[in-house]
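**Q** The residues making up each chain are set out below.
Number of protein chains: 4
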Amino acid sequence: MILILKHQATDDQIDHVLRRVEAMGLKHHLSRGTHRTIVGIIGDEEQLREEPLKAIPGVAQVVPVLPPYKLASLDAHPEPSVIEISGVKVGGGHLGMIAGPCSVEDRDRMFRIAERVVASGANLFRGGAFKPRTSPYAFQGLGEDGLKLLREVGDKFGVPVVTEVTDPRLVELVAQYADMLQVGARNMQNFALLTEVGKSHRPVLLKRGMSATVTDLLMCAEYILSQGNANVVLCERGVKSFDPATRNLFDVAAVPLVHGLSHLPIIVDPSHATGRPDLIPACAMAGLAAGADGVHIEVHDCPEEAKSDGPQALLPDQYDELAAQMKSLAGLLGKTISPLAAK
Amino acid sequence: MILILKHQATDDQIDHVLRRVEAMGLKHHLSRGTHRTIVGIIGDEEQLREEPLKAIPGVAQVVPVLPPYKLASLDAHPEPSVIEISGVKVGGGHLGMIAGPCSVEDRDRMFRIAERVVASGANLFRGGAFKPRTSPYAFQGLGEDGLKLLREVGDKFGVPVVTEVTDPRLVELVAQYADMLQVGARNMQNFALLTEVGKSHRPVLLKRGMSATVTDLLMCAEYILSQGNANVVLCERGVKSFDPATRNLFDVAAVPLVHGLSHLPIIVDPSHATGRPDLIPACAMAGLAAGADGVHIEVHDCPEEAKSDGPQALLPDQYDELAAQMKSLAGLLGKTISPLAAK
Amino acid sequence: MILILKHQATDDQIDHVLRRVEAMGLKHHLSRGTHRTIVGIIGDEEQLREEPLKAIPGVAQVVPVLPPYKLASLDAHPEPSVIEISGVKVGGGHLGMIAGPCSVEDRDRMFRIAERVVASGANLFRGGAFKPRTSPYAFQGLGEDGLKLLREVGDKFGVPVVTEVTDPRLVELVAQYADMLQVGARNMQNFALLTEVGKSHRPVLLKRGMSATVTDLLMCAEYILSQGNANVVLCERGVKSFDPATRNLFDVAAVPLVHGLSHLPIIVDPSHATGRPDLIPACAMAGLAAGADGVHIEVHDCPEEAKSDGPQALLPDQYDELAAQMKSLAGLLGKTISPLAAK
Amino acid sequence: MILILKHQATDDQIDHVLRRVEAMGLKHHLSRGTHRTIVGIIGDEEQLREEPLKAIPGVAQVVPVLPPYKLASLDAHPEPSVIEISGVKVGGGHLGMIAGPCSVEDRDRMFRIAERVVASGANLFRGGAFKPRTSPYAFQGLGEDGLKLLREVGDKFGVPVVTEVTDPRLVELVAQYADMLQVGARNMQNFALLTEVGKSHRPVLLKRGMSATVTDLLMCAEYILSQGNANVVLCERGVKSFDPATRNLFDVAAVPLVHGLSHLPIIVDPSHATGRPDLIPACAMAGLAAGADGVHIEVHDCPEEAKSDGPQALLPDQYDELAAQMKSLAGLLGKTISPLAAK
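Note that the protein sequences, when read in sequence, are chains A, B, C and D. If you're matching positions, the first sequence starts at 1150 in my numbering and goes up one per residue. If you're matching positions, the second sequence starts at 1150 in my numbering and goes up one per residue. If you're matching positions, the third sequence starts at 1150 in my numbering and goes up one per residue. If you're matching positions, the fourth sequence starts at 1150 in my numbering and goes up one per residue.
Here chain A stands alone, though its shape is the one from the complex (with noise of 0.2 Å):
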């Protein structure tokens, strides 16, 4: 940690930071240059992080020298995570291949989905049975019937399921039912639901807010393997932006810069980074030319008549297309596709 000290700090300012530093039991390094003084604080800074040293009169500035993650770094993990979903790898070579439709809705589609997806190449069949949604009179989700029906697709085709658990107090049915816990966008700073899936055996699918930074999202994955669960795939879904012309901006320099920060896979959704289905294939295809982990898209059959998101989604022809696209760009990236395990 370094603190730049005002222009106009007084010797007894100066005097008053660096004997706070040595109360907290740590070393300092004062240097006086032309314009400023500057206190370099030796030790361990994940204390430093809790003191306003900000607060401190003189105090102009403060500077960390480290990430605010431990867990979730490299230095804690210099290799890439391999995440494994009921048999499915994500990370470190390994793609992870989600599709599905944004809500459960009724059987005969959830099937007739899921078959188009699975043999499109998908590993992993999403689809939201709790809907966080923006209005209180839109459709949110069916409950626990769409879990059950979730489940019964996976079991079905042998494919591991995601589903979005947006409150505390269901993580424990939800996890009873899916293979992969989705924490969503709006939700990624919600603690206590981090706290909740952080506990849980389950993998998580960890999406990045609308209005977070790369360093935030890191520290919302930290709080789940903090609580024990290492079992998290981050995911970029688009972040706030001034041009109206897509629901989101696709931040794809997000990916190459996880895999600088991070030993966790990082996949990309451009579903909803982007909103327009005329848009996924191209931003799914870059994502993956970045370096990303897996792919996220959703997928129905009949867009016009979906109870949620239907303008976003790709129609089964359209994905399949585009997974063979994927397949050939993976394969000149050297990355693999885990196989379902035969039912």
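Among the clues, some could well be false.
If several chains are the same, the list does not tell them apart, and a pair holds so long as it fits within one copy or across any two.
Claimed, not checked - Heads up, simulated EDC-like pairs for lysine to aspartate or glutamate below, C-alpha to C-alpha not over 20 Å straight-line: (1) Lys1203 with Glu1171; (2) Lys1176 with Glu1453; (3) Lys1484 with Glu1470; (4) Lys1155 with Glu1453; (5) Lys1484 with Glu1228; (6) Lys1155 with Asp1427; (7) Lys1155 with Asp1224; (8) Lys1348 with Asp1193; (9) Lys1203 with Asp1450; (10) Lys1203 with Glu1453; (11) Lys1203 with Asp1427; (12) Lys1176 with Asp1161; (13) Lys1305 with Asp1257; (14) Lys1305 with Glu1264.
By construction, these hints were calculated from the structure, which means they are not laboratory data. Since the structure is predicted, the reported quantities are computational estimates derived from the model, not experimental observations.
Since chain A is already given, all that's left is putting chains B, C and D on it; use the hints.
**A** For chains B, C and D alone, coordinates are given in the frame of chain A:
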């Protein structure tokens, strides 16, 4: 609702669109322009919002003509709402002056700070017992002990107390102690929590998310109102921006914008909006001048020892000076500050 | 300047860094912490800024300790500057009240609007003769004829006139007619233009770019100051945001932020910041309450016939009402509005 | 154009709106809904854009149905344009591989770098002679001497050269030496400059402004096209964001977005978009996978000695490795890279 069709929309597609509208029991109004065909849909827009109209082949753009919230709108309630928090009025010309430390800390400090801010004119006292911290290793608040302490302070000084609730499981507990429940910016779209506070009988202070539009904020208020709790006060506390000079960007225009759309009061929180004590007084004054129904300020008597957010707190003397300026401005603007009930 | 070295920086790399610093004729100060090594560089930070320090192998981060501008800083000039525009003072307690139509249009209209806004208390009159329009097919302004008309209006009412210059080749021409040169938001970083207005003897109104930080704005002022023209007034006019409800996001905190960093006056322009007449009065008042040195408002007597930006103009009656409120607030704040010289 | 009227619009106001539309020689189409009245205007939207329709009393919202650009749109030119820069093709399946240092510096270095990047497969060489620097005290480029040196390099290696022009007065001079003129991000809306490069016979590389929407970018291309110069290549180079981890936010979705709206080629510049050599290769690959018509990379053989932007440059060896990967990906995507003419 207006549907703008694609340039290349075929007659068959146009027919399909019209039949879909009729199937919903609604009327349509077709208008063929030089370059585009437009379909006006006449009827309950609420119902239409649920339909994935944009996914209908041939549809280029869907333009809603009504806001997506109802109970929060001026149409539902043309006069400004006046919210009463245990006797203190906010809205419709009454200013809520909220002050207090970020976290509830030790007992003596709480009483010392409360005495000072109440003497300066604060009519609502704040303090966090459950803290949503971005690091799992940071101080998470005193929990129920903090609530008890806060209640004691409220009773002693006759000032209603406001505190944050971060978990739907804790709403009932917090409502036992606090006069007003705060939903923080990171939980603005935690719909499980909104639903629970909507079922509570306590007034709610709903803070705007860091990347929420004003429409998003009003939709979240709608969640609470739709559960039967009409006592919602909104709070502008800064949005994300590209300029690192301030913690967030204080969106003062949100104040008149909300007043033109909704009957709900809106206060400003320059402490979180700027994160800088040197900017707080100017932004507090700006908020009032823009018509805000109150001001939320963090005050601490020794910021360098604060358990959280110390660097953004004002000292009691600074708050006293600012409160005097705010009172003068309130006088000029014809606003009143509810006095505390005599103890 | 502080260099934070990479975790893995080798002794050879550290040596190379130190030799590079010495080769620049500067001293260094090495501090080896538990996790990172830090090099403080003592000497002229101006010179160091030019060096690609971050590209030196082993360097992780470069932390400057001084602002990158000099002449614009409070260090160079601790008292607020008072800029005189043909007798009207702006800054240091004097408010510049700029009003007028977006574009200079027909002669009668100009005289009618000027008469009204001067009667309401405006002490600077604006109107665009060269318009930077986002469409090549839009009205581009009357050019020199517009300048002549503006001069006539200024002379008739004894009010200094402000107009935009968009091209370095036109600075001399515009300076012949106008009392103050405006550099618009889109040209804030048009360095060729800044250099030319810096050579002019006319005061400059420098508008903040839509995605410029306050530091960026002050660096552009520095360009002008460094050419010898010390008469710069800054203008906050909104920055880009994710919320489409307003044209831009009015950053009122930029006012106290600039006052804490620079001696230059800063005014606010709620017309461009919000693009909505219904929000302009509240934001004008907010700007003044935050300490702005003036307010820039577009006024048109028939907005639906305006050649540009009609939808964001106030009517003369609306301006009159707002001006009265602004005068009351100015009184409360102890600010004065320079009267016009008697004709 | 669709006008959505206000809830409270009176019959007189509706009449006035209709008469105004008729006075413009256009037809209207009135549709009275349950909550709102809508007026469709049939006729030349170009003409309507110029009218301040939103300022007409009773009008709540104006919804355009056509894009504001014409020559740049796919309607005007349904096939992708192929731009030729002294023999090198960009667009329609041809990739422009631009590489070179940020600034033109000393002669030997220019030849060394050019030799390396051409050997790696670059088919356009870049280098700045006139630099738009944010500090007036920073290196501003070698000027005409730099242009001469660049021309020499181009002639020696048979590679077309690209360089930035920052001042309308310099367009003719720069066009004498360079094969392609670059308009930088900060000058994207410098309309005087756009007009001058539009009159030039040289192809133009138009970089997207840091807070420009894709529509803004296409409008600026329209400025150039409307002056008669059809040879415009667009460039995505990152937009402003709230995350300080990267210099800008690389908006890879802009590539398919532009391809769906315009016939103009678009390349990506991961050097400026990220500002971090460690992220450049992944983002370059992402851009190509998204369909970009080329990649712009800064290369320097000793970044720590670069006169500008050293920290974001790749070393020649790094570029060589990346170029090989980009060639493989181009092969997979069926794109070709124009070879240089034999010298």
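**Q** Treating 20 Å as the Cα threshold, decide for Lys1155 and Asp1427: within, between, both or neither.
**A** between (53 Å within a copy, 14 Å between copies)
**Q** For the identical chains here, do Lys1484 and Glu1470 meet the 20 Å Cα criterion within one copy, between copies, both, or neither?
**A** So Lys1484 and Glu1470 pass the 20 Å test inside a copy (19 Å) and across (19 Å) alike.
**Q** Is it within a copy, between copies, both, or neither that the alpha carbon of Lys1176 lies no farther than 20 Å from that of Asp1161?
**A** within (19 Å within a copy, 26 Å between copies)
**Q** Indicate which option fits the pair Lys1203, Glu1171 if close means a Cα-Cα distance not exceeding 20 Å: within, between, both or neither.
**A** within (16 Å within a copy, 32 Å between copies)
**Q** Quick one: Lys1176 to Glu1453, C-alpha cut-off 20 Å, is that within a copy, between copies, both, or neither?
**A** between (65 Å within a copy, 19 Å between copies)
**Q** At 20 Å max between alpha carbons, let me know whether Lys1203 reaches Asp1450 within a copy, between copies, both or neither.
**A** between (55 Å within a copy, 15 Å between copies)
**Q** Treating 20 Å as the Cα threshold, decide for Lys1203 and Asp1427: within, between, both or neither.
**A** between (48 Å within a copy, 13 Å between copies)
**Q** Between Lys1305 and Glu1264, at a C-alpha cutoff of 20 Å, which is it: within one copy, between copies, both, or neither?
**A** within (9 Å within a copy, 60 Å between copies)
**Q** Cα distance capped at 20 Å. Does Lys1348 pair with Asp1193 within a copy, between copies, both, or neither?
**A** neither (27 Å within a copy, 45 Å between copies)
**Q** Give the relationship of Lys1203 and Glu1453 under a CA distance limit of 20 Å: within one copy only, between copies only, both, or neither.
**A** Result: close only across copies, 7 Å inter versus 54 Å intra.
**Q** Within a copy, between copies, both or neither: where do Lys1484 and Glu1228 come within 20 Å Cα-Cα?
**A** So Lys1484 and Glu1228 pass the 20 Å test inside one copy only (16 Å; across, 35 Å).
**Q** At 20 Å max between alpha carbons, let me know whether Lys1155 reaches Asp1224 within a copy, between copies, both or neither.
**A** Classified as between; 12 Å across copies, 33 Å inside a copy.
Hint 8 alone, counting from the list given before, is not met by this structure.
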